[in-house]
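Sequence lines, in order, name chains A and B. If you read the first sequence in the working numbering, its first letter stands for residue 26, the second for the next number, and so on. If you read the second sequence in the working numbering, its first letter stands for residue 2, the second for the next number, and so on.
Keep in mind that the hints were calculated from the coordinates and are not lab data. Incorrect hints may appear among the rest.
[As the list claims (entries may be wrong)] Here are the simulated distance ranges between beta carbons: (1) B/Q44 with A/D91: 45 to 51 Å; (2) A/D61 with B/G53: 37 to 43 Å; (3) A/D116 with B/D41: 31 to 37 Å; (4) B/D235 with A/N64: 53 to 59 Å; (5) A/S193 with B/S35: 18 to 24 Å; (6) B/E209 with A/R331: 23 to 29 Å; (7) A/E78 with B/D75: 22 to 28 Å; (8) B/S144 with A/E110: 38 to 44 Å; (9) B/D75 with A/D95: 31 to 37 Å; (10) B/E72 with A/G208: 52 to 58 Å; (11) A/E114 with B/S144: 24 to 30 Å.
[Unchecked claim] Capping the alpha-carbon separation at 30 Å, the derived lysine-lysine pairs in DSSO-like fashion look like this: (12) B/K308 with A/K270; (13) A/K30 with A/K76; (14) B/K308 with A/K30.
[Stated by the list, open to error] One side of the interface only, derived from the structure: several residues of chain B facing chain A at Cβ under 8 Å: (15) A94; (16) D123; (17) E135; (18) G164; (19) P170; (20) M180; (21) S271.
Note that the Cβ used here is the ideal one computed from N, Cα and C, for glycine as well.
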Amino acid sequence: MSRRKTERLLNLVICLLATRRPLSAEQIRQAVPGYDPENDEAFQRMFERDKTELREIGIPIEVHRDPWEDDPGYRIVRQAYELPEITLEPDEAAVIGLAAQVWQRASLAEAASGALIKLQAGGAPADLAESPLELRLDTRDAAFPALWEAVRDRRAVTFAYRSAGSESVLTRVVEPWGVVSRGGRWYAVGHDRDRDAPRVFRLSRIAGPVSPVGRPGAVTVPEGVDLRSMVGFQEAPNERVALVKVRQGTCAGLRHAARAVRTGPGEWDEAEVTFADPERLAGWIASLGPDAEVMDPPDAREAVIRRLKGAFQTAGDPSCER
Amino acid sequence: MSSDRLPRLLALVPYLMSHPGAEVPEVARLFGLSEKQLIDDLQLVWMCGLPGHTPGDLIDVSWDGGEITIENADTIARPLKLGVDEASALLVALRMLDELPEFEGRDVLARVIAKLEQAAGDGAATVSSQVQVEIGAAPGAHSVIADATRRRRRLSLRYYVPGRDEITPREVDPLRVVMVDGRHYLEGWCYRAEAMRMFRLDRILDVEVLDVAADPPAEAEPMDVTAGVFRPSDSDELVELELTAAGRWVAEYYPCEEVVELGEGRLRVSLRARDQSWLVRLALRLGDSGRVSSPVSLADRVRETAKQALANYDSVA
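Only chain A is shown next, with the shape it has when bound in the complex:
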């Protein structure tokens, strides 16, 4: 924004705030320096753009249409413009200072620091004590800003989505109810229109842009919906036990997680490890290579052998097509 334009906009804000009665465009043209006095069309265009810009930064311009007047009148109502009186004690301001630093990256970091500076401009204590606590929240996912806006504007969205492990991407149309961060990952929760059912989407599996569909305000969040419990899928309890041979002096992580470790024959110990999913257990045991061997149960043992064979074969064949 040019300096001249910033000056004009600032004068416009002051003018519209200062006036008691709504001003016509022509009156504003006379009162605010920088508008074209000759060319009507150029003035109109500039004035329209200026109003849009002020609204974009959150300045409420009221339009009055008087049945006896041809032209609408404009003003800014002080109450709608001003930050209400908000008194913050030093400890309260410190907490807000901490919260303002939480967001990383772009849009929300700017929004949070913008809020902080307004509160400080409104009189909140500005020297924030240093805290031994440091909090950071990342929103790496490219889909995050668009989903935040969709939730804010109550607007449906569409995006391409790949389910876990799936080879293909499907287009979904979703009425978003909320966005939840769990275990460091972001999920969108909402009503999937095609499936006509509630669904949870991991943001990192959204491929490409998130685009709004339909009008703002069209989404209704069902009353009492519990976003967290929808995202909080329970892992199956570890009800099964595997017997794993581990080489002495290795596999520190497994030994720690095991419910029992005994000395076994030769250079081996025997560990009892609880698990639920044989494939997950197999991934873990396979990663330990020749230092661990599943003895029992047979399905877990077979799963490990399958993984190791897979790793052996793919690692040996640089041109393998899978």
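Based on the hints, put chain B in the right spot on chain A.
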């Protein structure tokens, strides 16, 4: 100048009105400006005012001797109200704080949230309850570590390093407890590494508070965690993996330098790791859903290790 100059001026003027005599350097720092930029802002404000624009209508600013005084700016003496995004960004973060076990001052928090909600109006309150951050349950050692950090005591840890699948004893002078993306970390000076280290709390297997005051060396500075906790070094070797759809989780769990879609859900990723043995373990875990495509020496190592492991099972590769 960027397009956020007008919002800044609309905050700067009220700030100066409510802090008469504020100093140029302090105000510049608060607004994230150089002193020159701040003076430029003040000069701009000084050109503006009420319609008529006679000297009596204009805002009067002076910064003689570095102390800023401002007069005749009553029209914009209050800052602009909070936008929905602004209030929501703070409210979501405040509600997250409320779930932190180590956060002392829940009563303060409740007051602040109530005040902000009132100042911001309904829109922000609604959005901020629809964006939620769940904090992982704090591991058992958490309160001991947080307390030792406050009291500046040296800690003795047994720490699990997944990269090497080892448990190592360490003495650490704690600097702070950091929560990044819902996970807790201890940041401190590690005497074993002779460097600053981040310890994930759920990987601390034992902790003992020593009867020694923490005394980290002068170079023990907290890390900037803006770009994430894990930052591989450029000197670590770059490794390329090809993943099938079933192996895509690798790209979600580990920071990759490059991710390329190969069609049918397949990916090529490149990542750096300090330790080759970690990559061998990853490749073994992946089975046929991942393949090391470069360097060849690593692929050979995966093949050799898989072969040795299969020998345990009396299974011919």
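The hints, checked one at a time:
1. For the pair B/Q44 and A/D91, the beta carbons lie near 39 Å from each other, so the given range of 45 to 51 Å is not met.
2. A hinted range of 37 to 43 Å for the beta carbons of A/D61 and B/G53 is inconsistent with their spacing of about 20 Å.
3. Distance hint for A/D116 and B/D41: a CB-CB separation of about 35 Å, consistent with the stated range 31 to 37 Å.
4. The hinted range of 53 to 59 Å is satisfied by B/D235 and A/N64, whose Cβ atoms lie roughly 57 Å apart.
5. Here the CB-CB span from A/S193 to B/S35 is close to 52 Å, at odds with the stated 18 to 24 Å.
6. For B/E209 and A/R331, the hinted distance range of 23 to 29 Å is not satisfied, since their beta carbons lie about 43 Å from each other.
7. As the Cβ distance of A/E78 to B/D75 is approximately 24 Å, the hint placing it in 22 to 28 Å holds.
8. Taking the beta carbon of each, B/S144 and A/E110 are about 39 Å apart, inside 38 to 44 Å as hinted.
9. For B/D75 and A/D95, the Cβ-Cβ distance of about 33 Å falls inside the hinted range of 31 to 37 Å, so the restraint holds.
10. A C-beta distance of roughly 54 Å is found between B/E72 and A/G208, which places it inside the suggested range of 52 to 58 Å.
11. One distance hint, 24 to 30 Å for the beta-carbon pair A/E114 and B/S144, holds here, with the actual separation near 27 Å.
12. Taking the CA atoms of B/K308 and A/K270, the gap is about 17 Å. The hint holds against a cut of 30 Å.
13. Restraint check for A/K30 and A/K76: satisfied, since their Cα atoms lie roughly 12 Å apart, inside the 30 Å limit.
14. At roughly 72 Å between alpha-carbon atoms, B/K308 and A/K30 are farther apart than 30 Å, so this suggested pair is violated.
15. A hinted interface residue such as B/A94 counts as satisfied when its beta carbon comes closer than 8 Å to some beta carbon of chain A; here the least separation is about 4 Å, so the hint holds.
16. With 8 Å as the threshold, the beta carbon of B/D123 stays out of range of chain A, its nearest partner Cβ sitting at about 12 Å, so the hint is violated.
17. Annotation: B/E135 was flagged as interfacial toward chain A, and the flag holds, the nearest CB pair being 5 Å apart, inside 8 Å.
18. At a threshold of 8 Å, the smallest CB-CB gap from B/G164 to chain A is about 11 Å, leaving the interface hint violated.
19. The restraint placing B/P170 at the interface with chain A is violated, with a minimum CB-CB distance near 12 Å, outside the 8 Å limit.
20. The criterion of a C-beta within 8 Å of any C-beta in chain A is met by B/M180, whose closest approach is roughly 5 Å, and the hint holds.
21. With its C-beta approaching chain A no nearer than about 16 Å, B/S271 sits outside the 8 Å limit, and its interface hint is violated.
Hint check: violations occur at hints 1, 2, 5, 6, 14, 16, 18, 19 and 21; the rest are consistent with the structure.
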